[in-house]
Amino acid sequence: MTAPAVPADGGPGAVARPAGRKPSVLRQVLARPDGMAGFVILVVFTVLALVPTLLVGPLQTAVTATGPRLAPPSIGYPLGTDELGRSILNLTVHATRVSMVIGFLATIVTVLIGAVLGIMSGFVGGRFDAVTMRIADFFLVIPTFVLAIILTAIIRDVVGTGSTEILGIRLSLITIVIVIGITSWSSTARIIRSQTLSLKERAFVDRARVIGAGGGHIMRRHVLPNVTNLIVANAVLVFAGAILTETTLAFVGLGDPFQPSWGQILDAARQVGAPSLGAWWYFVPAGVCIVLVVFAFTLLGNALDAVLNPKLQARR
Amino acid sequence: MGSRYLLRRVATACFTIVMIVVLNFVLFRAMPGSPERILLGRMPGVTAEVLAQTRARWGLDKPLFPDQFVAYLNSTAQGDLGFSYAARGRPVTEVLAQHLGPTLLLFGLGEILAIVLGLTLGSYSGWKRGSPVDYVGNAISLILYSMPYFLLGMALLLIFSTGAGWFPTFGMLTAGATYDNPLDVALDLGGHLALPLATVALGLIGQYAILMRSSVVETLSEDYVTTARAMGFRDDRVLRRHALPNAMLPTVTLVAINLGYVVAGAITVEVVFNWPGLGTLTVDALASRDYPVLQGVFLLLSVAVVFANLGADLLYGVLDPRVRT
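First to last, the protein sequences are chains E and V.
Each residue of the first sequence is one higher than the one before, counting from 731 in the numbering used here.
Each residue of the second sequence is one higher than the one before, counting from 526 in the numbering used here.
What the hints contain is simulated information worked out from the structure, not anything from laboratory work.
Do not rely on the hints blindly, as some may be mistaken.
Sample of chain E residues at the chain V side, in silico, Cβ under 7 Å [unchecked claim]:
| # | residue |
| --- | --- |
| 1 | Pro782 |
| 2 | Phe868 |
| 3 | Phe869 |
| 4 | Val982 |
Distance condition first, Cα-Cα at most 25 Å in a straight line; then the derived SDA-like pairs of lysine to any residue [as the list claims (entries may be wrong)]:
| # | chain 1 | residue 1 | chain 2 | residue 2 |
| --- | --- | --- | --- | --- |
| 5 | V | Lys653 | E | Thr1028 |
| 6 | E | Lys930 | E | Ile908 |
| 7 | V | Lys587 | E | Val888 |
| 8 | V | Lys653 | E | Arg762 |
| 9 | V | Lys653 | E | Phe1025 |
| 10 | E | Lys930 | E | Leu901 |
| 11 | V | Lys653 | E | Asn1032 |
| 12 | V | Lys653 | V | Asp748 |
| 13 | V | Lys653 | V | Asn771 |
Backbone N, C-alpha and C fix where the C-beta goes; we use that ideal spot for every residue, glycine too.
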């Protein structure tokens, strides 16, 4: 996600940098127009996600809704209302938090599984590597979305959908976080594995081994720091994918009406028949948010890619 | 083509299909409630005797492995996928077959359109890198790429169906309509098909164009393209005869790999337009927790994607001699 805006090299006053020293990755990314644009959009949405109540008041429910039903935008309701009379502005801003937090948690789960399996696979090699990569390939080929639908339905029926909350997110939506993690770790694992394979052959790993370091120590202290850049760059793309997957899962009816995400709003709009009724205000705001956030992550990912792979930069 | 390459690809595909079948079994067993409960429904007052009878009748008293597993493999191999709960006990295979046609029509045509238009747009932007067409094309591709298919579908529905009134809003044929001749059927079908087809094609064009563009850009920096230029060939000949054939190679694999993701889009687009295909079936089955149908859809779509990938691998082997080892 958004890295802390603290320059890694020398604080705000360090203008006169010693010659030959490269600025931090974050600075290089923000120096590019696409990186800057993506960053700014994400900061705006992060603010919306952090303090929705401060901006538009508490989340309106069927009980607290006061507006007219399915009314077009007016002064009192800048983005119109839904079929229950709730303000779409209120719903969409609150959904920002749900969508972003689910996306964030799913990214952490995905990247964690992918990075651990990728590093171990590349470093340990042998049978462990063969089996892990077979499974990874399996997940890359099959239509994971259908698997995600079935898994979500089954886990929810088994675990139930109580009102337990984790990090302010209801259990039913935590299911989605876990399912996204299970179904999308494989490309991360593949990328990290191939980087680990090349790191393994470097001299510093041999040196560590010669002085008696164990496998676990080398993976943690020597391999991990060297794949961190790659993990961050990958996480940016995973985040965009996670938001899209959550949106799609919610759209096919796996969202939680008590805690609407953008996808849940779109599903509600479809069920009411908003497109056929001409009620554009119902789904356009949530749709624009999704496209903007995914677009921002794509821009940021592009910028990171260009900064981390100078070869690519020269070609473009 | 080298037989080892062929053999390895086929073996991988078979292995994947076996894993899919096993996963399907495991998922089915992990289902909430015991299977006999679902078979008996929510009938009150089921005696232990009836329960035991049902278990024996469906082979649930035998151990999960190997007995139940072997029985499952047997019936799956014979094309018996069980019975739908929601469709009043109709065989799952029958339900799937009924919904397969509309999906094939919509996505077959959509893929073809997207491949032709996406590759054309991509190769043109890659060739004219930095031109206005490249900038506009790239921006549009990126926005389409960031947009979930169903959102695009809802927007098109709003603009062209509700707003302009050019197309019907849902279904595959007008309900209750009678036709005088086949042409009327085709016209009605075409009207219903237009918007979902446009959604599918537009959703895919973005991905294919981005892919083709980067592939063309990469190919243009190759030595043989420089050589062709140095030999004095005209620009369009260099592009058509030297750069494009090589630039198209990676797209073969990526189009196949993308199929797995396209399935997700397929499901949602059909839902938006009430298109009576596998996607609508999936969402209906999900709403009524019709697990046998969900499992059937998963099996059918996964196996289809695996075969498409195998086909792409073999095609790649024919097109590019370097991989035949």
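- Query: Hey, E:Lys930 versus E:Ile908, does the alpha-carbon distance stay inside 25 Å?
  - Reply: violated (31 Å)
- Message: What's the verdict on V:Lys653 and E:Arg762, does the C-alpha distance respect the 25 Å limit or exceed it?
- Response: Status holds; Cα separation ~23 Å.
- Do the numbers back the hint for E:Val982, that is, is its least Cβ distance to chain V under 7 Å? Where the cut-off is 7 Å and the nearest Cβ of chain V is about 5 Å from E:Val982, the hint holds.
- Message: For V:Lys587 and E:Val888, compute the direct alpha-carbon distance and say whether it is at most 25 Å.
- Response: holds (23 Å)
- Message: Does E:Phe868 hold up as a contact with chain V if the rule is Cβ-Cβ below 7 Å?
- Response: Constraint on E:Phe868 satisfied, holds at 5 Å.
- Query: Straight-line Cα separation of V:Lys653 and E:Phe1025 no greater than 25 Å?
  - Reply: Within the cut-off at roughly 24 Å; holds.
- Message: Quick check on E:Pro782 please, does its C-beta sit within 7 Å of some C-beta on chain V?
- Response: Violated, about 22 Å.
- Item | Residue hint E:Phe869, partner chain V, criterion CB-CB below 7 Å | violated (9 Å)
- Holds or violated: are the alpha carbons of V:Lys653 and V:Asn771 at most 25 Å from each other? Since the Cα atoms of V:Lys653 and V:Asn771 sit roughly 18 Å apart, the hinted pair holds (cutoff 25 Å).
- Query: Given the proposed pairing of E:Lys930 with E:Leu901, does the C-alpha separation stay at or below 25 Å?
  - Reply: violated (41 Å)
- Message: Tell me if the straight-line CA distance from V:Lys653 to E:Thr1028 falls inside 25 Å.
- Response: holds (23 Å)
- Within a Cα-Cα threshold of 25 Å, do V:Lys653 and V:Asp748 meet the stated pairing? Given that 25 Å is the threshold and the Cα spacing comes to 19 Å, the pair holds.
Checked against the numbered hints listed earlier, the structure breaks hints 1, 3, 6 and 10; every other hint is satisfied.
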